[in-house]
Every structure is written in C-alpha cells, then in structure tokens.
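Colleague: Sequence:
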Amino acid sequence: MAIVEVSVVPLGTAKTSLSDEVASAVAILRASGLPYELTAMGTIIYGDLDKILETVRAMHESCFQRGVQRVLTQIKIDDRRDRVSTPTDKVHSVLEKLKGTSP
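The sequence shown begins at 1 in UniProt numbering and counts up by one.
Don't read these hints as lab results, they were simulated from the structure.
Where hints are given, some of them may not hold.
DSBU-like, lysine-lysine: derived pairs with alpha carbons at most 30 Å apart [said to hold, decoys possible]:
id, residue 1, residue 2
1, K76, K97
2, K99, K76
3, K90, K76
4, K51, K76
5, K51, K90
The whole structure should be built from the sequences, with the hints applied where relevant.
Modeller: This is the structure:
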C-alpha cells in the first residue's frame, strides 16, 4: 500500500487565493473513493499506487480545465510492500517512540 503526499499549485492566476482550484482538485480525489487527509499544505492519499497516480493526474489536469496556464504539482511517494500502513500508523509509531523523552 502506498502513502502519497500531493500538492497541486496553479500558477499565474489572477488572484492570490488558490482555494477554488484546490477545491476542484480535491473534488476529483473525493470522487475517486480513495482515503485521504486534507492538510493546510497538501493532501495525503493512501491505497493502490496505480489508482493514486491516475487520480493525481486528474487533479493536476483539473487546474488546466479551469483555465490555468501553468500548474506545479509535487508528489512524495512512500510505497511499502511488506505490510499495510496508514498515515495514522506512521504518526502513532513516532509518538510511541517519543514516550518518556523530554521535549
């Protein structure tokens, strides 16, 4: 199972806010049925890597469909094949290791 962090950034828009374009991309992700976590700086998606990449491509293209002429999409892939893991599992593992340590 893969965990992917993606950030789709439309460039050269007429306004400084990008939330309309981001919402359009996230709507595509929502329709895909893939589990995801929306964060302030990107989106974490997990599941089958082929389906994720297909969905990320559609998210990227959605900005062009809205009239944007340039899009910067960053993708980080954690593809672990020895066991199933979720973003929550990864965070929990780190927090467990921090128990008993001072900040």
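Colleague: All hints, please: hold or fail.
Modeller: So, going through the hints one by one against the coordinates:
no.: 1; hint: K76 to K97; verdict: holds, 24 Å
no.: 2; hint: K99 to K76; verdict: holds, 28 Å
no.: 3; hint: K90 to K76; verdict: holds, 15 Å
no.: 4; hint: K51 to K76; verdict: holds, 15 Å
no.: 5; hint: K51 to K90; verdict: holds, 21 Å
Violated hints: none; the structure is consistent with every hint.
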